[in-house]
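Colleague: Protein chains in written order, with my numbering: chain A, 412 to 620; chain B, 412 to 620.
Honestly, the hints are just simulated from the structure, not real lab data.
Wrong hints could be hidden among the right ones.
Same chains, same label: a pair holds when it works inside one copy or across any pair of copies.
Computed list of lysine-lysine pairs in BS3-like fashion (alpha-carbon distance at most 25 Å, straight line) [unchecked claim]:
no. : residue 1 : residue 2
1   : Lys566    : Lys442
2   : Lys554    : Lys440
3   : Lys440    : Lys487
4   : Lys440    : Lys607
5   : Lys446    : Lys482
6   : Lys523    : Lys607
7   : Lys461    : Lys607
8   : Lys535    : Lys507
9   : Lys523    : Lys507
10  : Lys607    : Lys442
11  : Lys523    : Lys554
12  : Lys579    : Lys596
13  : Lys446    : Lys554
14  : Lys575    : Lys531
Number of protein chains: 2
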Amino acid sequence: MEEKTISNKTIERLSIYLRYLTYLQIEGKEKVDSKELSKLALVSPCLLRKDLSYFGEFGRSGYGYNIIHLKNAIEKILQTDSSKNFIIIGAGNIGKALANYVYFDKLNFHLKAIFDNNLKKVGKKIGNLNIRSYSELETYLDKNNIHIAIIATPKESAREVYLKLTEKIVQGIWNFAPVDFPSTKHSYVINEHLSKNMLVLSYHNNKMS
Amino acid sequence: MEEKTISNKTIERLSIYLRYLTYLQIEGKEKVDSKELSKLALVSPCLLRKDLSYFGEFGRSGYGYNIIHLKNAIEKILQTDSSKNFIIIGAGNIGKALANYVYFDKLNFHLKAIFDNNLKKVGKKIGNLNIRSYSELETYLDKNNIHIAIIATPKESAREVYLKLTEKIVQGIWNFAPVDFPSTKHSYVINEHLSKNMLVLSYHNNKMS
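With the rest of the complex left out, here is chain A (with noise of 0.2 Å):
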């Protein structure tokens, strides 16, 4: 299979399928088809069946998909055969949500640090972690291979972390400070607007009325 970038959209869709064949995994099924996964994913039959083509032949027409066989394809494809560690800064409420987030350690993504800068919350624990102080961050990232960096602090905090980041070269960062910050040569940036899909919402509300 040669190399081929993958659209952030196509990533999105095969991460929803990668969440239903482990589903229907777990249920005891070997084999779906088409209709039903693009059912289950709310996606039509017909692009389904593009997405998993480009990759390669997963299955004959007719005959369904093999679970496992597609599940561990779509695993190769985003690579969560290999494990990935994360950390985040900043122990507030989306910081401790994103901590206890059970979903993320299924996909192979393993917490291991969490950092506040606030030292009455240094120590304690969330999970199994302890809260580390915002200062041993530096030389936790020189010791410790961390793929992504989770930035959950207020604003105010928010760019000082995403240098510091970038400057480690920390090649995943998600952050959900509300501003914006572009990626680097290194270091590729989401930036989550968790307001966006209230805003969403709230337009097709009002069409709806």
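Assemble the complex: chain A is given as a structure, and chain B must be docked to it using the hints.
Modeller: For chain B alone, coordinates are given in the frame of chain A:
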């Protein structure tokens, strides 16, 4: 201005412009030019001008945009100039984090109630709201004008909640449970995939290394 349907992508960008216009206003600025605003929003100046010109004349080139004028216009388009009520079902980590997210209130989205089916949680406080029993949800929806409902329950309970919300015609549903629900004629549904962005980061991670 004639009624136009705006794509979700455009709504997202407008919500980002709104964010920075608010920050600039807080800083006491009166005008902003498209170059500065596009830099903050990480959007090309060309796309910014295109987005804004689509809704009428907000400024003359070379003079910059009047911040309050532009902010009011975007608020009108996104219909955040009227206040919206929302509720959260599920008082777990995600529910609590969203309940405490201060930026919703700033955008005129007001949290009115939180529900949980765990009787140990019922009556406890999140912010200044007491957690209500899930059994009250139906009556609550009959008596109150709720625009948006957030599903923050485990996967197992999510479908029941979704069916109740669509039955009661809640117009906006934001689902954080790891399962996808379709929009209906009267309810617009956004399925949030927290894992999705982790997978996008992971994918780019490997591309960069």
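Colleague: Find the hints from earlier in the document that the structure breaks and name them by number, from lowest to highest.
Modeller: Of the numbered hints, 2 and 13 do not hold.
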